[in-house]
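Engineer: Please construct the entire structure, taking both the sequences and the accompanying hints into account.
Each chain is listed here by its residues.
2 protein chains.
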Amino acid sequence: MTNPSKAIIAIHGGVGTISRSHSGSAAQEATYHKALNGILLSAQQMLNEGGSALDAVSLAVDLLEDCPLFNAGYGAVFTHEATHELDAAIMDGATLRAGAVACVSRIRRPLRAARAVMERSEHVLLVAAGAEAFAQACGLELVDPAFFSTEARRAQLQYAILAERTMMDHDGAALVFRSSDMLPAPLDESRKLGTVGAVALDSRGNLAAATSTGGMTNKRCGRVGDTPLVGAGTYADNRTAAVSCTGTGEMFIRGVVAYDICARMAYGSQTLDAAAQHVVMTSLPALGGRGGLIAVDAQSRLSCPFNTEGMYRGHARVGEDVYTAIYAGESIPGSN
Amino acid sequence: MTNPSKAIIAIHGGVGTISRSHSGSAAQEATYHKALNGILLSAQQMLNEGGSALDAVSLAVDLLEDCPLFNAGYGAVFTHEATHELDAAIMDGATLRAGAVACVSRIRRPLRAARAVMERSEHVLLVAAGAEAFAQACGLELVDPAFFSTEARRAQLQYAILAERTMMDHDGAALVFRSSDMLPAPLDESRKLGTVGAVALDSRGNLAAATSTGGMTNKRCGRVGDTPLVGAGTYADNRTAAVSCTGTGEMFIRGVVAYDICARMAYGSQTLDAAAQHVVMTSLPALGGRGGLIAVDAQSRLSCPFNTEGMYRGHARVGEDVYTAIYAGESIPGSN
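Residue numbers (this note's numbering), protein chains in the order written: chain P, 1 to 336; chain G, 1 to 336.
Rather than coming from a laboratory, the hints here were simulated on the basis of the structure. Since the model is a prediction, treat every value here as computed from it, not as a measurement. Hints are supplied without guarantee of correctness; some may be wrong.
Said to hold, decoys possible - Per the computed footprint, the stretches of chain P lying under chain G, defined by three or more beta-carbons under 8 Å from a beta-carbon of chain G, are: (1) 70 to 77; (2) 231 to 238; (3) 293 to 304.
What the hints assert, rightly or not - Examples of chain P residues lying across from chain G (beta carbon under 10 Å, computed): (4) Leu41; (5) Met91; (6) Ala94; (7) Glu119; (8) Glu122; (9) Arg220; (10) Gln270; (11) Pro285; (12) Leu287.
We put the CB at the ideal spot given by N, CA and C, even for glycine.
Structural biologist: And the structure:
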């Protein structure tokens, strides 16, 4: 039995603090709203035409990876060594099958590689060169690592390295770069915790979640955050919820955040919103964690809590308007 | 307030099916019992002298890695490309801090590298070359990858590749190798799911867990199983339990097994043994998962369920005898 009116797609594009320099902020905000809106419209149409939750989150994350505004795929941040290391994961709530790749630098679309791991291997997580060889064997597009580089992200790395030195030297020298030099954005790019993700419920009642990231600017090579770790940054189970996280990845790993929400619902009879709010507003801060998540359950209830000043986010139910938001306090109809 | 009488260490050395060829099995069994016994005695002594749970699981896994009988560190299995890729994780139940390395081939003691990630970096998981560079910077010993190789494991790889070909060819050709040619062992090495791990409770009431593995024989390069994934193969939280898993890693990832036990205790008020038994005997088989785990809670209760024919295992409470076991049905005093 299908129920198209319940189908929903929700996406996020990372959390962060509000930029100090707000010149031109209205135009900046409009750019982000427009990007989120376009992606949601595409995924909403797919769901409306009977597409699966798995295909809807795949499409949404594909488009988020391609958009240089967000830290995933093209436009990914740089590591300390000025390279890129991308992570992605996808999970099917109907079967609990999952696939992920981590620490890859040549796969053009990391989320598609994660899906190939799920559908075309017996494994869940492949990393580094082994993941790239698998993607190539699957016929996925490989690119030169420089493909992912943008000037805005390079400036962001230089800023981060200078900020680190300034802090280390304690010399109080003025920073050469201001964050506003890097990428005109409503959320401060120098302190934004970038990830993209999507969760969806389709008309057949199936849930899916997908997450993709370039990690943290200036990160140590080989560092893997919560994004590609099933249970930490990504989880989906038809019996409870689909969850995609963004924030200080290490704390999300230690708290097993995505799965914790499902476990609170399954064993503690908590509602989706009660579970998500508690984890983001109480459990995560207790670990020193900052960030947020998007989550949807099988009844099409939506929860998008975050404990930072902003999170790029939005959702679209089939047959309803698309909603997008950036800052805390912006109420979104249909969201708890 | 310390309570030395409650302190306990438990270890495992992997699960598997019972070897078909049982010639010499009594001597084989004695070899494994002796190895497990010696490791438990060392860790028990450390706990008796007031050592921490974190130090006790570190010591036990160090010794398990060094023992060629078990698939971790020296004596690790080979990948399909005849290389080694090692994974390890450790977690401190008092602070929820954790550290892990994955897909490393030159770090002599992967568990020590995992602990260095926990204590000397801001990260939780480092993989591949980045993890090796970090270990080197920390002064940990690096070795040529051939260091981990043993002839028994090389024969095991050849057997696995032949078995794979035989299955693919459907030609019914007799296998050249029998598992008994490889490593005389009570559990069938050709189908053993090797991992080593330890959980401990110390006299101050702190829990810790650690796990280390060479992964699956003949695995695809870059494959990461549950061992180094916090929440999947390894978890510790003083409020609930310390858990270390072994088995078909992908299913443990999809079920977030180690954390699931803690969540059932925290949100569902289940006892450690009820939670562990349900996860291993019901949840895991529903996903097609085979394996087991060792778990201890803050009241010194122990649970060691597995759904295979055997699991190398044992435990030692401070002031009590050491117990070791291999097969299902062997009752261990003091264990549920």
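Engineer: Flag every earlier hint the structure violates by its number, smallest first.
Structural biologist: 1, 3, 4, 6, 7 and 11
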